[in-house]
Amino acid sequence: MTDTLTGTTDRTAIRPGTIGDSPVRPDGIEKVQGTYEFSSDLSADGCLFGATLRSPHPSARIVSIDVSAAWKISGVEAVITADDVPGQATYGLISQDQPVFASDVVRYVGEPVAAVAAIDPETARRALAANDVTYEVLQPLLDPEVAIAGGHDPIHPDGNLIRHQRIVHGDTSATGPIVIEGTYEIGMQDQAFLGLEAAIAHPDQGADGVELHVATQWLHEDRKQIAACLGFSEDKVRLVLGGVGGAFGAREDISLQVHSCLLALRLGRPVRMAYSRAESFLGHVHRHPATIWMRHHADADGRLVNVEARFVFDGGAYASTSSAVLINGITMTPGPYRCDNGTVDGFAVRTNHLPCGAMRGFGAVQACFAYESQMDRIAAAAGITAEEVRLLNAMRTGDTLLTGQPVLNVAPVEECIRETAALPLPDEPVGGHARADGSPDAMKLPGGAGRTADAGDIVRGIGWGVSIKNLMYSENFDDYSTARCRLADGVATLKFATAEVGQGFITIAGQIARTVLGVDDVVLDTIDTTIGSAGSTSASRQTWMSGGAVDAACRAARERLFEAVGAAHGIEPVRLMIDGTDVIDTSGDLRVPVAEASAGLDIDETVEYHHPKTDDLDENGQGNCHTAFAFVAHRAVVDVDPELGLVKVVQIATAQDVGNALNPLSVTGQIEGGIAQGLGLALMEEIIQVDGVIRNPNFTDYLLPTFLDMPPVVATLIEQPDPHAPLGAKGVGEPPCISSTPAIVAAIRDALRQAGVEKPLNRVPVRPSDICL
Amino acid sequence: MNNQIFTLRVNGADHDVADSWLGESLLDVLRDRIGMMGSKGACTQGECGSCSVIVDGSLVCSCLVMAATAVDQEIVTIEGVAPVGAPSDVQRAFVDAGAVQCGFCTPGLIMAVHDLLERTPEPSDTEIREELAGNVCRCTGYGRIIDAVQQVSVARTTMAEGAR
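The listed protein sequences derive, respectively, from chains A and B. With this note's numbering applied, the first sequence corresponds to residues 1 to 773, in that order. With this note's numbering applied, the second sequence corresponds to residues 1 to 164, in that order.
No wet-lab data here; the hints were simulated from the structure. Since the structure is predicted, the reported quantities are computational estimates derived from the model, not experimental observations. Treat each hint with caution, since some may be false.
Partial pick of chain A residues on the chain B-facing surface, computed with a CB cut under 7 angstroms [to be verified]:
no., residue
1, V32
2, G195
3, A676
C-beta atoms are modelled at their ideal positions from N, C-alpha and C, and glycine is treated no differently.
Input sequences plus hints: build the corresponding full structure.
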């Protein structure tokens, strides 16, 4: 394997299974043997199958809904519409603007109109087809600029503008000899988790409560929204995490949760719902398509003086997290670079496109493609390299954002760039090594399996991308996490509601407990709502927030242990500490194994971990709205066939600011997986909508990176423990997918330049026609 | 629906399948009629490989195979790779190498890797990538999976040389 991982921490003295080691996943064996239960594998005796009737129109008035034919089908047990929602008619993460079922109008293709339950999936599908909905088709609002300009009647009572926010900072008229202006477009990306939406709802006897097993990112937020729609108090709704087959932001919003609970309560029987791939494309939010204009002003050396920008995010039909995505995007306008002056205008608007919300990188992805494309053009104007312009402007701890917020975290932007540059370039020549018989290895050429490119035509390019990402939630949101630690007989039992979506929180939770408590055995309790919220598995926040909560709960349990040991041996508890798996007296001879010291005890501690309060932005976009920041650099090497427009990514090098790598193997997995998604956005992934209708809701036409598309990754972990982070550890999930995209596009531009072709490539994903026509 | 019963031989045992509809996929029959939930469906059109099983020695997407056409053939699923609690070398390597995150693609990949290494005990990097390109993983970026495959290849080769 050519992949390498280097780091700056000596790991030779780490006790196996503790922080800094890379123990295996506790669910690993079940997952490789196929016995792990994903939410789509759940069933129950007598359970029925739910299905959702969806709008075929992006905008239409519902004239009538006739469900009588569906009722006549043998095996159909329930048909429900908006009239059957007993509680609040709408849900939503930030504003509750999305109907459980459309009643008067539909606002996007795929909007739920009714749901059925039947004895098997085929009967449920036939029941859907038998429903007769009469629509009066309306003119859809599809152009975000029309929404901003007020050129279309409101498509929702809340209006067509979800949020407008300005940022005005410093001397907004400042300029310099270099002025670079460009407009950039980002297509709509899908999270494309493999494990499709699925849930099973179990009604309580008497139908006065419900238990839902569901794949989600945030059990408690789901519960809050579900309970409101069901007209129940929250204690009547219990959520249990069903096995989650990936998330990437797409499971932060409600999809089938309310529908499955409604059907189960109506029937007094368990109801399963599971989306198909086509339905999944309609049933969850996507990454916002965006149009971003930027004008940078720099001095003759390439040092940033001022930046102006205008962001337009197309939120689609419902708000979801659009307002927060907007804030992430616009507050990252200058990227990880010092810039004292700036003016930004940001819009998140409503259209009749598919609703957009959270996806890994959350606004920062869109901003980064624009500012990094601009940085390369500034470098060219200043006559310096891509690496030099980034080093010249690199942010440091203490620098301020355009919001006036100082970056107080470790900010090793320069180290990220230098360590990335120090990683070896690929040893493969352009077009790859020849095969053993001397013939060219077609699989190493752009186009791969197509075997269309001629090795002699290939040019190689190198490109850079560097980024900043805010960690945790922003704007005065207290996204706390809760953890419980019980300690008895040398066994720690951890309880939390943190959604394990594949990222490996359950692995590091055990590592934290072993480290803090000196135990070897850690039991993980069921992930459900019988404990307080953990917040969402998003915003690169669970290592910090739930890691912080587990750490705090284990420390609290350790205090109780020390009190017990101290009492038993007549020692002040403050003199005690954990050394390996023993409790020791720091000023005496006592050494007791934790297993012995905790024998017969029943220590039980629950702790909430909160990050420091953040502020709202004022009307000029000023305020300390973010919690913390992480940084990363990417260098892409690509081979391009300029005539055919084909691209082969040869290598990605990266150095990432991780704070403290609690589990280096998991960090590597996040880095490589995130880069694959960044590569997808750069080269192939886009939901295509024509006149508001999705054209590629399947994996034949929505292309995902395969083994052949993904190059080797060489990575260095920049390990500077962050004093603000509970374990010194920053979240690592989002940064890999943020600047890998512009790095790849920059590398394509560089390759084309060497072939004598100048292409702006101002839109991702880059299509072959963008390169060769 | 028809009530005709047919028999599938899965992991060495016969399973009578009742109530299957004509044209029902092998994936759906394995999961919904026989109750073997290890094979996963993620695209149901042969693009992602999550449903990979071996039919008469060939690696196939079970979502694309009509169950009724697999009568009289030897079907091997993820449940037939190794007994529960006693993982195969490939399964063990996936866990140890960090090749598993959400795990939804994993059963299909385990089938594909066993198939690959039986046919090509010492695959090159290109061979691994080309052979496994029909299996999509959304979490890992593939690096640790390739590492796992190479670890097994080396271990098997070393063991074979030791036996000589």
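Hints, verified against the model:
no., hint, result
1, V32, "4 angstroms, holds"
2, G195, "4 angstroms, holds"
3, A676, "4 angstroms, holds"
Violated hints for the displayed structure: none, as all numbered hints are satisfied.
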